[in-house]
Amino acid sequence: MTRTQVQIIERILAAIPIMLGVVILAFLFMRMIPGDPVDIMMGEAGGVTHEEMASLRAQFDLDKSLPVQLVLYLGRLFKGDMGYSLQRARPVKEIILEAVPATVELALFSLLFALILGIPLGIASARYQNSIVDRIGMATSFLGISMPGFWLGIIGIIVFSLGLGWLPTSGRITYGMAPKSITGLMTLDALITANTGALKDALRYLALPAVTMGAGVAAVVARVTRSSMLEALKTDYVLFAKAKGVPDRTVTIKHALRNALIPTVTVVGLQVGTLLGGNMIVETIFGWPGLGRIVVDAIFSRDYPLVQAAVMVYALTFVVINLATDIFYTYLNPKMTL
Amino acid sequence: MGKGKDHGLSRCLTALVVLAAILVFTGLIAGSPIQASGKTLSIIVDAVADRADEAEIIATYLRAVGVEAEVRLWEWNALKDRLEAGERQMYLSDWGSAYFDPFDLVIPRLATGDRGNYSGYSNAELDHLLDKVQRLVDPNERKEAYFKAQDIIFHDAPWIFGYALNEVEAARVEITNWQPSMDSRINLHDVGITQGDTIVVAMKEDKIVTLDPAMYRDRPTETVLRNIFDGLVTRTWDGKVVPEIAESWTVPSDNTYVFNLRKDVKFHNGDPLDADDVVFTFKRIMEEGAIAGQTSPRAGLLGPLESVRKIDQYTVEFTLANPFPIFPQALVHFQIVPEGYIKEVGDSGFAAKPVGAGPFKFKEGRLDDQIVLERFEEYYGGSPEIPPIGIAPAKTAIFRMIPEATVRVAALKAGEVHIIQQLPPDLAVTLSKDKNIQIKSVEGTRVYCVELNCRRAPFDDIRVRQAMNYAVDWDVILESIYGGDAIRLACAFLPSGFGFNPDLAPYPYDPEKARTLLEEAGYSVKR
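Protein chains in written order, with my numbering: chain A, -5 to 332; chain B, -10 to 516.
To be clear, the hints were calculated from the coordinates, so they are not data collected in a lab.
Keep in mind that the hints are not guaranteed to be accurate.
[What the hints assert, rightly or not] List time: in silico EDC-like cross-link candidates among lysine to aspartate or glutamate, alpha-carbon distance up to 20 Å:
| id | chain 1 | residue 1 | chain 2 | residue 2 |
| --- | --- | --- | --- | --- |
| 1 | B | Lys342 | A | Glu92 |
| 2 | B | Lys429 | B | Asp474 |
| 3 | A | Lys58 | A | Asp30 |
| 4 | B | Lys429 | B | Glu468 |
| 5 | B | Lys342 | B | Glu328 |
| 6 | B | Lys272 | B | Glu353 |
| 7 | B | Lys272 | A | Glu88 |
| 8 | B | Lys193 | B | Glu432 |
| 9 | B | Lys342 | A | Glu46 |
| 10 | B | Lys515 | B | Asp39 |
| 11 | B | Lys502 | B | Asp462 |
| 12 | A | Lys87 | B | Asp336 |
| 13 | B | Lys28 | B | Asp70 |
| 14 | A | Lys174 | B | Asp474 |
| 15 | B | Lys193 | B | Glu45 |
| 16 | B | Lys342 | B | Asp260 |
| 17 | B | Lys352 | A | Glu92 |
| 18 | B | Lys28 | B | Glu501 |
| 19 | A | Lys58 | A | Asp33 |
| 20 | B | Lys255 | B | Asp207 |
| 21 | B | Lys272 | A | Glu46 |
Produce the complete structure using the sequences and hints provided.
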């Protein structure tokens, strides 16, 4: 086993106490928020007796003391049982697993959009610093950061769905078009089953939410890439390469960019974590059946097990993304270690 | 709480204009400084964000009579905890009724210690009446009791009585025979479409909770499920109970109901529906832990139901512990499930792929995305009292979750969906100009009010509570915020519910009377 491999394993092991801490905190915080989940569950009906509420409370262990509830919960968790949703009358694991592919798909496409737009924009702005390209690029990216998602999303719907009629207003795929479910990612499943109709349809549904969600990320990526490129272009090794007569394009892409990308990778890593959490606003606007909407709804309805499980998924995502980012550094700059 | 009240910019602006007008008006007529004849009454008005504009206007009206009023916004469930602890003073709240009877409205809201009685109101005479009325069988006696209850509540003024909002819905012009129902359910069996054969309904919810008719308590879930499942009885759009799977029923004694079932009803899997399925359906709900170890949250909705018994293959008898005259209204909310199928696939298998006897079969879908239903070709036809009778006109029905109001409207305009519910007033105005859209409104079944904490000062004094009722001009609020799509209520009763007294007039807007009452109670007022 190489040193790097050992370090990766160490990092994974170190994640376990982090996860445990996150779970316990989520457990305690949820119970500190005022509101009674059973009362919320019963809605506004007449004829609800106190016995009926008590029996439901007992069914979900809510009648026990906090430490006992925590121990019972952790005990089940170690056996892989994430509990039963108070609101949705289903095992929590099922609900989360159902929502994750939709969120991952949207996150990937938002990221793709952000990178395709952000990195070239950043490079161009740095290469032609203070030129008109730079000014337009940076003004656009400033706009991207400033525009709130709900505004951009609604404007997108008004222009592209209502005005031009090119894209659907919301949803994930047209009824009857869905490819056979393999991974749960519509585009990927369509590719695997070579179903071009489904692929086109899924992409039409993805376009607006992915752009809405990716706009802010693209702007951040462009700005970070620009500033680190500016720095890299002034380093000695770039000057040396230029002096040696290496073509301009090669210097920019091969010598400068590779090193300049390290801050970008850090930023992108953080953004991926956020994107994978599911953007509640974008998911709500576009009726996208992802994790963000579920979590917000679960918090409002005090669905303790569901919130705890979702927080756990978030924590795990960040741990994994951080590790992946660090590994990617060593690839970009082999002098770096984990 | 605050269901579906999306506030547009235009409504905020109207509210601001009204506020300014009130301020100028009171400034003009007041002119003089506060006349101190006692201590100043100082109040915090609690509200959720949905009703913030309304709360601000109410506070302004209160200030006009000399009350120091300030609005505070909350998340509903956090506020509810404080209300139940009796810590707050005045709060905007609302409550929906499903039974077309004060049973699930006035009793939980105003009976001493009941679970929706956040005002802490308590009146022994009213408690006695409400307790008695649940067991009264004679409609005239029930009505008389409810009339008396209305007088008591009106006089005691535990709330600033408010209003009921109309349900405003919109549909594409291709949709035919569509009528919004007062209980806000959408029964697609009756609805036709002139272009294509698929009807898409946009729901404002984030999700429905389940496809198992024993495991929910909310209306949106029921809206979808009632297209897949039928009940013994159902309800017309305006609240009348009519037979569905039951052909007829008799009431041999005050505590017994006997239902005769149709003999031509089939489940989607081909199994015939008979008395065993009906008995199984109700036992599954009544028995603890009967659904894969879980207990149905619906048992309480059945009132004093004690047992269900099969008499013969097509006759079922329900026995109650005590008379419960609204039992048929309650049964509307219980959908019959197939015993054989559930025993074969298990409860979770059933929830994943439900089989009912309703006009549509479940095809596919996700609870927080879209639910796709397909016409059931062997449907028995539905209630003979709600035409058309026969299989549904539409071949496919889709319920799509679109939680954002603007997007629902955009989807309707784009023709992606055909029916949307709970249209915000500002968007209704825009949509009414679109010739491809039809808009209908129907009286709602949700009571909006401002609750007063009767447990402690200042609202333990009836004069102060009545003064609050005289101080607020609801007509202005309803017109400016809700575009007039609302009904002013005199009390806690709904016009659509049983036992409503139409002759009881609401408290008039009379700021002078409010000032007099406040002065009598020892508070300073502003003239």
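Each hint, compared with the structure:
With a CA separation close to 16 Å, the supplied pair lysine 342 of chain B and glutamate 92 of chain A stays within the 20 Å bound. Restraint check: the Cα-Cα separation between lysine 429 of chain B and aspartate 474 of chain B comes to about 11 Å, which is no more than 20 Å; the hinted pair holds. For a cut-off of 20 Å, the pair hint linking lysine 58 of chain A to aspartate 30 of chain A stands: about 14 Å separates their Cα positions. For a cut-off of 20 Å, the pair hint linking lysine 429 of chain B to glutamate 468 of chain B stands: about 18 Å separates their Cα positions.
Under the criterion of a C-alpha separation no larger than 20 Å, the hint pairing lysine 342 of chain B with glutamate 328 of chain B is consistent with the structure, at around 14 Å. For the given pair, lysine 272 of chain B sits about 28 Å from glutamate 353 of chain B by alpha-carbon distance, which is inconsistent with the 20 Å threshold. For the suggested pair lysine 272 of chain B and glutamate 88 of chain A, the alpha carbons sit about 27 Å apart, so the restraint of at most 20 Å is broken. Between lysine 193 of chain B and glutamate 432 of chain B the alpha-carbon distance is near 19 Å, which keeps this suggested pair within the 20 Å criterion.
With a CA separation close to 28 Å, the supplied pair lysine 342 of chain B and glutamate 46 of chain A exceeds the 20 Å bound. Note on lysine 515 of chain B and aspartate 39 of chain B: the hinted pairing is violated, with a Cα-Cα distance of about 30 Å set against a maximum of 20 Å. At roughly 13 Å between alpha-carbon atoms, lysine 502 of chain B and aspartate 462 of chain B fall within 20 Å of each other, so this suggested pair holds. For the given pair, lysine 87 of chain A sits about 17 Å from aspartate 336 of chain B by alpha-carbon distance, which is consistent with the 20 Å threshold.
This hinted pair does not check out: lysine 28 of chain B and aspartate 70 of chain B have alpha carbons roughly 30 Å apart, beyond 20 Å. Between lysine 174 of chain A and aspartate 474 of chain B the alpha-carbon distance is near 46 Å, which puts this suggested pair outside the 20 Å criterion. Between lysine 193 of chain B and glutamate 45 of chain B, the direct Cα distance comes to roughly 26 Å. Violation of the 20 Å bound is thereby established for this hinted pair. For the hint linking lysine 342 of chain B to aspartate 260 of chain B, the alpha-carbon distance of about 16 Å falls within 20 Å, and the restraint holds.
For the given pair, lysine 352 of chain B sits about 18 Å from glutamate 92 of chain A by alpha-carbon distance, which is consistent with the 20 Å threshold. Under the criterion of a C-alpha separation no larger than 20 Å, the hint pairing lysine 28 of chain B with glutamate 501 of chain B is consistent with the structure, at around 18 Å. Proximity of lysine 58 of chain A to aspartate 33 of chain A is assessed by CA-CA distance (about 17 Å); at most 20 Å being required, the pair is judged to hold. Taking the CA atoms of lysine 255 of chain B and aspartate 207 of chain B, the gap is about 27 Å. The hint is violated against a cut of 20 Å.
Restraint check: the Cα-Cα separation between lysine 272 of chain B and glutamate 46 of chain A comes to about 16 Å, which is no more than 20 Å; the hinted pair holds.
Checked against the numbered hints above, the structure violates hints 6, 7, 9, 10, 13, 14, 15 and 20; every other hint is satisfied.
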